[in-house]
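Those protein sequence lines, which keep their order, are chains A and B.
Numbers 3 to 373, taken from the numbering used here, label the letters of the first sequence in order.
Numbers 10 to 341, taken from the numbering used here, label the letters of the second sequence in order.
Accuracy of the hints is not assured; some may be wrong.
Said to hold, decoys possible - List of simulated lysine to aspartate or glutamate pairs, DMTMM-like, C-alpha gap at most 20 Å:
#, chain 1, residue 1, chain 2, residue 2
1, B, Lys75, B, Asp35
2, A, Lys369, B, Asp156
3, B, Lys288, B, Glu330
4, B, Lys68, A, Glu178
5, B, Lys75, B, Glu128
6, B, Lys68, B, Asp79
7, B, Lys68, B, Asp29
8, B, Lys68, B, Asp35
9, B, Lys68, A, Glu257
10, B, Lys288, B, Glu336
11, B, Lys333, B, Asp318
12, B, Lys333, B, Asp312
13, A, Lys77, A, Asp59
14, B, Lys87, B, Glu99
15, B, Lys14, B, Asp79
16, A, Lys369, B, Glu158
17, B, Lys14, B, Asp85
18, B, Lys87, A, Glu257
19, B, Lys14, B, Glu73
20, B, Lys333, B, Glu304
21, A, Lys369, B, Glu153
22, A, Lys369, B, Glu148
23, A, Lys369, B, Glu99
24, B, Lys288, B, Glu274
Hints are computed from structural coordinates only; laboratory data are not their basis.
One letter stands for each residue in the lines below.
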Amino acid sequence: MAQRTFDSTTPEVRITSRTDTRLRLGMRPWLLVVLVAAVIGLFFLTLSWGSVEIPGDQILKALLNQETDRLAYAKIVRNHRLPKVLTAMLAGAALGVSGLQMQTFFRNPLAGPFVLGISSGASLGVAVLMLSSSTIAGATVFTGMTEAGPFSIAIAASVGAAAVMLVVLAVARFVEGNLTLLIVGLMFSYLTSAVVSLLLYRSYAEQIQAYVNWSFGSFSMVTWSRMEAFAPAVIIGLMIAATLSKSLNVLLLGETYARTMGLHVMRTRILIILSTAILAGSVTAFAGPIGFLGLAVPHLCRSLFNTSDHRILVPATLLMGAILAMASSLIATLPGFEETLPLNAVTAFIGAPVVLWVILFKRNVQKSFAV
Amino acid sequence: MSILKTHHLTIGYTALRKPDRVVSRDINVELVAGEMVCVIGPNGAGKSTLLRTLAGMQKPLGGEVKLLDDSVHSMDSKTLARRLSIVLTERVNVGMMSGYGLVALGRHPYTDWSGRLSERDEAVIRWAVEAVGATHLVERNVNELSDGERQKIMIARALAQEPTLMILDEPTAFLDLPRRVEIMHLLRNIARDTGRCVLLSTHDLDLALRNADRIWLMDAGGQLQVGAPEDLILSGAFQRAFRSEGIHFDINTGAFTINRPAGTEIQMVGDGVRAYWTKRALERVGFQVCRESRELVVTVLDDGWRFNDDDSVIIVGSIYELIKVVEPRLAA
Numbered sequence: 003m004a005q006r007t008f009d010s011t012t013p014e015v016r017i018t019s020r021t022d023t024r025l026r027l028g029m030r031p032w033l034l035v036v037l038v039a040a041v042i043g044l045f046f047l048t049l050s051w052g053s054v055e056i057p058g059d060q061i062l063k064a065l066l067n068q069e070t071d072r073l074a075y076a077k078i079v080r081n082h083r084l085p086k087v088l089t090a091m092l093a094g095a096a097l098g099v100s101g102l103q104m105q106t107f108f109r110n111p112l113a114g115p116f117v118l119g120i121s122s123g124a125s126l127g128v129a130v131l132m133l134s135s136s137t138i139a140g141a142t143v144f145t146g147m148t149e150a151g152p153f154s155i156a157i158a159a160s161v162g163a164a165a166v167m168l169v170v171l172a173v174a175r176f177v178e179g180n181l182t183l184l185i186v187g188l189m190f191s192y193l194t195s196a197v198v199s200l201l202l203y204r205s206y207a208e209q210i211q212a213y214v215n216w217s218f219g220s221f222s223m224v225t226w227s228r229m230e231a232f233a234p235a236v237i238i239g240l241m242i243a244a245t246l247s248k249s250l251n252v253l254l255l256g257e258t259y260a261r262t263m264g265l266h267v268m269r270t271r272i273l274i275i276l277s278t279a280i281l282a283g284s285v286t287a288f289a290g291p292i293g294f295l296g297l298a299v300p301h302l303c304r305s306l307f308n309t310s311d312h313r314i315l316v317p318a319t320l321l322m323g324a325i326l327a328m329a330s331s332l333i334a335t336l337p338g339f340e341e342t343l344p345l346n347a348v349t350a351f352i353g354a355p356v357v358l359w360v361i362l363f364k365r366n367v368q369k370s371f372a373v
Numbered sequence: 010m011s012i013l014k015t016h017h018l019t020i021g022y023t024a025l026r027k028p029d030r031v032v033s034r035d036i037n038v039e040l041v042a043g044e045m046v047c048v049i050g051p052n053g054a055g056k057s058t059l060l061r062t063l064a065g066m067q068k069p070l071g072g073e074v075k076l077l078d079d080s081v082h083s084m085d086s087k088t089l090a091r092r093l094s095i096v097l098t099e100r101v102n103v104g105m106m107s108g109y110g111l112v113a114l115g116r117h118p119y120t121d122w123s124g125r126l127s128e129r130d131e132a133v134i135r136w137a138v139e140a141v142g143a144t145h146l147v148e149r150n151v152n153e154l155s156d157g158e159r160q161k162i163m164i165a166r167a168l169a170q171e172p173t174l175m176i177l178d179e180p181t182a183f184l185d186l187p188r189r190v191e192i193m194h195l196l197r198n199i200a201r202d203t204g205r206c207v208l209l210s211t212h213d214l215d216l217a218l219r220n221a222d223r224i225w226l227m228d229a230g231g232q233l234q235v236g237a238p239e240d241l242i243l244s245g246a247f248q249r250a251f252r253s254e255g256i257h258f259d260i261n262t263g264a265f266t267i268n269r270p271a272g273t274e275i276q277m278v279g280d281g282v283r284a285y286w287t288k289r290a291l292e293r294v295g296f297q298v299c300r301e302s303r304e305l306v307v308t309v310l311d312d313g314w315r316f317n318d319d320d321s322v323i324i325v326g327s328i329y330e331l332i333k334v335v336e337p338r339l340a341a
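If we strip away everything but chain B, and leave its shape as in the complex, we get (with noise of 0.2 Å):
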């Protein structure tokens, strides 16, 4: 079921006395229900324009977006509400207020003038905040919270409003490796269990690929492809969009390496874990590891490392020290 369309969308922004500034232009996308999709290019693509202009939160330069039918930017600020939530990236600050008292804050659009809390209100709130596996934070203060945690209870809030299409603008920043593997599957379990669509811009790559229904790959030009994640790999697309970055992905492991220039030639002898380190080491200081060089070889031994060149063999104990023998030799 589609849920979001854009119609020949151009995003920017005006300015007095100025030409406007075009972010990216004819911009025709979809966003469907159940699905989580990434927004992720270089920074300044105009991710974040991208997304505010979806949320409503900016006017377009031309073009509409249309969420369920209706256009985004003419709909009662209520309705929208009750459709659409977001998460930012800002850390906020609701002074004393208990994690339950900040869920609540997302059943605004539904309540009356005083703000009181139906029956319905209170479970939709349970559930939200089961749903995001924040029990044990409800009673706690929110300044009390860990960013990790305060995220979750965020995203409760953004789910109380019961939105058909929930945005979230980089929900990762601020978080440690785990609690982005964490908030990311909690992201797609979401978009999945409960019909909703998720929207979201990220710069963790790796969990963007591995995560999302679909990628939105916004390059540098703000030109968008959209794609299965897998799709854009194989097309070619993704790599396209961060060569210029100095970014290279490598299609065979999926790891992303950073373009140096062509380092100097260096052979390695060995295989299994050992050797495998021994590899990423050498390629972080900036060598080429290729199975045959005439001038240098580093041998993977069971208990230490062997480095020769033309004239000389010396051994050493830890990859630590191996380096700085190595080092020496890397072509100027």
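Bound-form chain A, shown alone (with noise of 0.2 Å):
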């Protein structure tokens, strides 16, 4: 009954052969093909690049599982490199993705990854594990804790993410408007880094630094038995993107228009957050809190491709971030030398003027949410 024939033909519409459609729709797929070559370019030069330098054939000869000249290449491309760029890869797309979606979300060109409060959580439960672990038994707990640290500081800070997350989907089942829901992600973050900064207050020296340590971010923390839960949650996280960017083109509108063209708000909104916890969570997770990439990556995507539409975005932000992440983890291994670089100085020291060259020469972000 719903189908009926009244509401769903109009007799005047002449199917006409398509013409220049993909044109008129402001598209230019051709630069995704970049951004992929880009991505498989940076993809073997991080395999090869490091404090010993591999040839390309015995990447590959790694890479297929064949032995290779030397014992030590096998090793150090399977066990530390690829890790790694995996790491990177993943971890860049997350965030340019998750921030994406934060942005359209919240009309807001300021939004990231983390507004909602998420990485909050997680800096919270790694703080707690770390930093609490003084007034207990001291200082011993903490140099334990290099050993076996690294799992259990991903699980921490999973469940700091995933608590603050139950929190934010709580409070956005029961406000109407995203502004408050901005505002409270907001208050979010202040709480949690207030608490955060009393433990910081009442630590030893030590445990300050391995704090602070994590807090810089490394794509070297995900071993391949911690690559079994990084990966699939981030792919979870990207295939719910995916299915949103329908989604997200309506809600460009505002949230108005997109209810009255057949939006489901209230289950789209949950989709989002979780989404956007899943990718941010895991990211911070398991390579600590990385900034900029998430609030970079979408500016930078919209000004390439010119576009709002995210059909195209969430693709090219998915590649724009995992290049923007592997060039920084590149950059911040140092070619040559021993000793690497904190990685969010590197992505905000590279990142930055790269970003502020194409937003000032194109001069089209503007348009994207002024009104």
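Work from the hints to combine the two standalone chains into their complex.
Written out as structure tokens, the structure is:
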């Protein structure tokens, strides 16, 4: 009965052959091909460069599980560089896509994956683990943690992120406007960082150092065993995001219009929060609170592709996030040196000028948000 | 063919720990295919509340709204979106999108999860764009469009939903006069040519009277009266609804004037176009122009205006000067 002929056919509509409609939607899919090429290039570059330089054919042999000229090559590629580059790719893609979702969801250019307080929750979890131990058993717990540490850190971060996510989801079901939700997320960030400050204030120098090191972010914390948890989480988050691109497009018109165009606003809202929480939460849990990428990548892509269409922007931010994360990781490793730089410093240091250049050169960022 | 019917509809707002605020009660109206209906009434009468309730965006306090025999408020949102589309007053900012992309969003209730447009979808989009005469706007960025052009695109988007009923809340609010006339004609033509129903609220009384097939007249108390514009005028309902607002509707000329306390009488001699506009000017400052007056007389000359009172005669060359001369004679 819902499908009566009266409201689903328009007799005046004549179906003519498909014309230049791709162009009319303002799509530039060839740029996506360029991004895919860059992802592949950086992938091999990251495997090759480092304290030990590995030739291309040896990398391929290592990847294809064949014997390499030197046993160490296979070991370095398989056990160190491959998980690291995969972590960078997944984390970058996750941050880019979740940042895009938040910017569209809140219609706010300053929103990023962490505005809901997810990463603050994760940070709190880690801080409680690393810092509160001082009151119980002193520094011995801390020293013991460097061995079994990273995995318990990931668990602590996940618990913290999930706790905040549940509260935000509960709030999202009650409040009408998105702006309220944005402020709720912001308040959570302040609350959790206040608790972290209190914990830091009561801690030993070594513990503070360990916490600060974690907060720099790193792609090297994910080993193969942890990848089994990290990769599926990110892939599930990205898959939810991919199904949301149509809804995100309609949300550009605002919630009121979206609702009258047949969008289940509450369901969409829950899915967006869920996807963002999974993406941002798992990245924070396994690689630390990596800032900047989530905020910058969507702007970069909107500017480069000159569109607000999420059917382009979701794959674009995914690829661009992976590219910037791998590039940052490559630079942080400093080829030829033993030392590595703090990842968070590198992402902003390299990324900010790129983003500045693009948005000042293209001059179309204002159009994406200005009323 | 009846499209929408309300049964004892009561509209208004519910508030926490307070009695419901009723805007209007016991509304029984009907919308018919192919008609354009204008909701008019003074500010605060509840026009928007009524439209929002009919569109299913707001729950009624009582009664029900049936769109093609199904209740608007219990219908699946996708089905509703295929039968009813809206255009709101507020200006939307969609970011970087072509006119075509924006109209294409109207296909949302028809496309699959990925939002891919079928050939039929694209044909509907082209049809909607042509129906509003916006073919030249499709490749331009929505940000660069003027208010009138953007409104056309928004209407095309609403049309692309292939609705049976289109509801527009003050679609002409931010437009200049030529654009208002254009949009109003456009909506009337959409209703007539496509057999859809267009329901809109407006403050452009004159345009509503000239274009609407039917008027829903809401007075300040929320009472709703329905009829052809001319019926409402002849029955006096129109005049009554706006009287409290201090607006007078001249049944002879069809013009609206703002009520002022009965002014000082002034006599005007002359006829033709110059006399008409002189009368307008005198009325504007508060005189009541009549055939005879004992004291003040304005005579329209071929090349100026003459003003007589008991003891002086003044000849001026422009209406502006005339007003400066006669205005001090207005009774306090």
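Verification of the supplied hints:
1. B:Lys75 / B:Asp35: Given that 20 Å is the threshold and the Cα spacing comes to 15 Å, the pair holds.
2. A:Lys369 / B:Asp156: Cα-Cα ~16 Å, so holds.
3. B:Lys288 / B:Glu330: 15 Å, holds
4. B:Lys68 / A:Glu178: 15 Å, holds
5. B:Lys75 / B:Glu128: Roughly 32 Å between the alpha carbons, so the hint for B:Lys75 and B:Glu128 is violated.
6. B:Lys68 / B:Asp79: Roughly 15 Å separates the two Cα atoms, so the pair holds.
7. B:Lys68 / B:Asp29: Given pair B:Lys68, B:Asp29 holds - Cα atoms ~12 Å apart, limit 20 Å.
8. B:Lys68 / B:Asp35: 15 Å, holds
9. B:Lys68 / A:Glu257: Measuring from Cα to Cα gives roughly 17 Å; hence the hint holds.
10. B:Lys288 / B:Glu336: 14 Å, holds
11. B:Lys333 / B:Asp318: 15 Å, holds
12. B:Lys333 / B:Asp312: 18 Å, holds
13. A:Lys77 / A:Asp59: Distance of about 15 Å is within 20 Å: holds.
14. B:Lys87 / B:Glu99: 23 Å, violated
15. B:Lys14 / B:Asp79: Holds, because 10 Å separates the two Cα atoms, which is no more than 20 Å.
16. A:Lys369 / B:Glu158: Since the Cα atoms of A:Lys369 and B:Glu158 sit roughly 17 Å apart, the hinted pair holds (cutoff 20 Å).
17. B:Lys14 / B:Asp85: 18 Å, holds
18. B:Lys87 / A:Glu257: Measuring from Cα to Cα gives roughly 15 Å; hence the hint holds.
19. B:Lys14 / B:Glu73: Cα-Cα ~8 Å, so holds.
20. B:Lys333 / B:Glu304: 17 Å, holds
21. A:Lys369 / B:Glu153: 9 Å, holds
22. A:Lys369 / B:Glu148: The hint holds at about 16 Å.
23. A:Lys369 / B:Glu99: 18 Å, holds
24. B:Lys288 / B:Glu274: Between B:Lys288 and B:Glu274 the Cα gap is close to 12 Å, so the pair holds against 20 Å.
Consistency with the previously given hints fails for numbers 5 and 14, ordered from lowest to highest.
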